[in-house]
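Each chain, written out:
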Amino acid sequence: MILVVLEHDGTRLRKGALEALTRARQLNAIAGSVAGVLIGENLAAVAEEAKRYVNALYLAEVGPYTAEKWAAAAYAAQQKAGAQVVVATGGRQGRSWTPRLAFKMGAALLEDTLETSTDGSKVIATRYSFLNRVTEKQAAALPVVFTAKPNTTPLAEPLGSEGSVETLSVELPAQQVEVLERVVEQKKGVSLAEATVVVTGGRGLGSPEAFGKVEELADLLGGAVGATRAVVDAGWRPYGEQVGQTGKVVQPGAYIALAVSGAVQHQAGMNKSKYIVAVNKDAEAPIFKIADYGVVGDVHQVLPALIEAAKKLKD
Amino acid sequence: MKFIAVIRQVPDNEAKLRIEGGQVNYEGATLILDQMDEWGVEEVIRLKEQHGGEAVIVALGPERFEEAIRTALAMGADRGVHLVTDTPLDPITQAQALADTIRDEAPTLVFTGGQQSDWDSQALGAAIAEALGWPVVTWTTSLELEGEGASAKAKHDLDEGAEVVRVNLPAVFTTQQGLNEPRYPTLPGIMKAKKKEIRKVPIAFEGKVEVLEQTIQERQRLGKVIDGTKDPVAAANELVRLLHEEAKVI
Ligand SMILES: Cc1cc2nc3c(=O)[nH]c(=O)nc-3n(C[C@H](O)[C@H](O)[C@H](O)COP(=O)(O)OP(=O)(O)OC[C@H]3O[C@@H](n4cnc5c(N)ncnc54)[C@H](O)[C@@H]3O)c2cc1C
Ligand SMILES: Nc1ncnc2c1ncn2[C@@H]1O[C@H](COP(=O)(O)O)[C@@H](O)[C@H]1O
Chain A
1101 MILVVLEHDG
1111 TRLRKGALEA
1121 LTRARQLNAI
1131 AGSVAGVLIG
1141 ENLAAVAEEA
1151 KRYVNALYLA
1161 EVGPYTAEKW
1171 AAAAYAAQQK
1181 AGAQVVVATG
1191 GRQGRSWTPR
1201 LAFKMGAALL
1211 EDTLETSTDG
1221 SKVIATRYSF
1231 LNRVTEKQAA
1241 ALPVVFTAKP
1251 NTTPLAEPLG
1261 SEGSVETLSV
1271 ELPAQQVEVL
1281 ERVVEQKKGV
1291 SLAEATVVVT
1301 GGRGLGSPEA
1311 FGKVEELADL
1321 LGGAVGATRA
1331 VVDAGWRPYG
1341 EQVGQTGKVV
1351 QPGAYIALAV
1361 SGAVQHQAGM
1371 NKSKYIVAVN
1381 KDAEAPIFKI
1391 ADYGVVGDVH
1401 QVLPALIEAA
1411 KKLKD
Chain B
35 MKFIAVIRQV
45 PDNEAKLRIE
55 GGQVNYEGAT
65 LILDQMDEWG
75 VEEVIRLKEQ
85 HGGEAVIVAL
95 GPERFEEAIR
105 TALAMGADRG
115 VHLVTDTPLD
125 PITQAQALAD
135 TIRDEAPTLV
145 FTGGQQSDWD
155 SQALGAAIAE
165 ALGWPVVTWT
175 TSLELEGEGA
185 SAKAKHDLDE
195 GAEVVRVNLP
205 AVFTTQQGLN
215 EPRYPTLPGI
225 MKAKKKEIRK
235 VPIAFEGKVE
245 VLEQTIQERQ
255 RLGKVIDGTK
265 DPVAAANELV
275 RLLHEEAKVI
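Protein chains in written order, with this note's numbering: chain A, 1101 to 1415; chain B, 35 to 284.
Treat each hint with caution, since some may be false.
[What the hints assert, rightly or not] Mimicking DSBU-like on lysine-lysine, the simulated pairs with C-alpha atoms at most 35 Å apart in a straight line are:
1. A:K1381 / B:K258
2. B:K187 / B:K230
3. A:K1411 / B:K258
[Said to hold, decoys possible] Counterexamples of contact, computed for chain B against chain A with all Cβ distances above 12 Å:
4. K36
5. K50
6. E61
7. G86
8. E88
9. V118
10. E139
11. L179
12. P222
13. I224
14. K226
15. I232
16. R233
17. V243
In short, the hints are calculated from the structure, not lab data. This one's a predicted model, so the numbers in the text were calculated from it and none came from an experiment. Beta carbons are placed, not taken as given, at the ideal position from N, Cα and C, and that holds for glycine.
Let the sequences and hints guide you as you build the complete structure.
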């Protein structure tokens, strides 16, 4: 069996879970049946949905997230299912507990994979490395744990039949981490990760007030606002908008970089965008080397004109 | 108290990468202390300055990694332990190899980089924690010791938002932007670092992950750049026209 750790929000499976299921089904040369595990609290409602996607479903009621608990629960499910491959969703959370699981299993870990396949004895994966600049192909003999990078894979459809459901008893490690406070980002509008257009402002905008126009353009194009680290460090924009190595990784249809120099650490978060558009007063700025379209000019003159042109287009 | 930073040496991100025979070529590349590891080095030096004790650098890699260890010692760390191997090892195997050394050192806590800038891996910190049976806090943006080093209060980033946790020590922390501003090595620091102890431990491990091929698949970019210095309005109109009619993205 192949085991999928199904990410959910307490009521529904997340999109990432449906992508991970597709990845598991693609490995049918290793095993034809797929088991799922739900980890968390009050799992009954999600279980109704989840059992339609798997041959066997395990429920691990372990309370709120910690990496140690998630790894212990996934390990219990893996042992029960006798799974040689465990699939989970990437992102910060998935990538925080899967190394612990791989270590417990003595398995290889393939992180944030774009595509996965098998010859029956190995899992072969492609992924990005070197700050998203290199595409590499890796192979690892079973057992293997891998995370699927979000938004890379078609969503799985339910199976014709419902899987068996079993509650797991998980031996929980002694609690070592106590959550004192959790701040969840509230974002209005389209989320950065899902947006088809991202309009990012850099330090060259000169002031937090200038971002009013960045927001206006993003709204007109139905997109989300992004920011560089320089802008976040200056306190002009919230960290949740930062794109790059230590921020978010985005891959929209159009990435519009306004007064952004295009440092490699910034590129790490946007270099796979379909079209890259740059406005910068410096024709030598690195961002132009990876741009499809660009304007050399003063952002304070070009941005208002872009807004006017976008408005005309809308009418 | 003893504070450990686990570090790695990586190609400088600013430099161009060359691929030869399907692998990234390290010959002639400028190699540096990974920038996300620098935050860990700075943090263990600060902790030692505040609470006393020792700041120790641990690295696993080929002989050349010594340069990165010396950089960390020049910043102010006290000594280094270098697990030497020419075999590139995946992070899970590295954790296995590092566990004994770290356990023997019996530190108050361990720092390592949030993401490695060569392999883009985020696994090493969590894998070390598992190998030692310790908790891990990933993407740490601030840290405060409590109760003489019995526990720590830390803030760290989540996928969406952040969390403040209290964690029993010893524990592993991985770094994130905002944790601190790393200091530059000073000239006297560099001189002193030359005499600081680096204990060498040869190791022999087999990796679990094989890298079959590396390529740079850069999308062919169109590079259509319009001069907007004289007539910004015309340039903006032309850009919007291209995005609408040619790229069809707006
Ligand atoms: C470990 C590490 C991680 C990092 N992670 C990230 C990350 O996740 N994201 C990130 O963004 N950065 C990151 N950085 C920082 C990165 O190296 C750059 O410093 C940062 O991206 C620069 O932001 P910027 O482009 O806004 O500013 P600058 O580099 O200062 O560029 C401003 C640009 O605006 C242009 N400009 C100025 N005035 C005008 C005008 N009137 N009209 C038009 N153009 C104008 C200038 O020509 C310049 O190109 C990281 C750095 C490190 C060391
Ligand atoms: N990006 C990477 N991620 C994980 N492990 C890697 C990576 N690159 C190299 N390795 C390790 O390097 C070994 C082979 O690398 P090479 O000798 O470069 O083919 C593998 O067994 C891995 O342990």
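Hint-by-hint comparison with the structure:
This hinted pair checks out: A:K1381 and B:K258 have alpha carbons roughly 15 Å apart, not beyond 35 Å. A distance of roughly 32 Å separates the Cα atoms of B:K187 and B:K230; the hinted pair therefore holds under the 35 Å criterion. Distance hint between A:K1411 and B:K258 is fulfilled; the C-alpha atoms sit about 23 Å from each other, no more than 35 Å. A cut-off of 12 Å between C-beta atoms confirms that B:K36 is not in contact with chain A; the least separation is 19 Å.
For B:K50, the non-interface assignment is contradicted: its Cβ lies about 10 Å from the closest Cβ of chain A, within the 12 Å cut-off. Residue-level check passed: B:E61 sits 16 Å from the nearest beta carbon of chain A, beyond 12 Å. B:G86, annotated as away from the interface, keeps every beta carbon of chain A farther than 12 Å; the closest lies near 25 Å. Non-interface call for B:E88 relative to chain A: holds, since the shortest CB-CB distance, roughly 24 Å, exceeds 12 Å.
No beta-carbon of chain A is positioned within 12 Å of the beta-carbon of B:V118; the least distance is around 23 Å. No beta-carbon of chain A is positioned within 12 Å of the beta-carbon of B:E139; the least distance is around 20 Å. Separation of B:L179 from chain A is adequate, the least Cβ-Cβ distance of about 15 Å exceeding the 12 Å criterion. At the 12 Å boundary, the C-beta of B:P222 stays outside the reach of chain A, the nearest C-beta of that chain being 30 Å off.
Even its closest Cβ contact with chain A, about 26 Å, leaves B:I224 beyond 12 Å, as expected for a residue assigned away from the interface. The beta carbon of B:K226 sits about 31 Å from the closest Cβ of chain A, which is more than 12 Å, so the claim that it is off the interface holds. Every C-beta of chain A lies more than 12 Å from that of B:I232, the closest at about 27 Å, which supports listing it as non-interface. The beta carbon of B:R233 sits about 25 Å from the closest Cβ of chain A, which is more than 12 Å, so the claim that it is off the interface holds.
Listed as a non-interface residue, B:V243 fails to keep its Cβ farther than 12 Å from every Cβ of chain A; the least gap is roughly 5 Å.
Violated hints for the displayed structure, listed by number in ascending order: 5 and 17.
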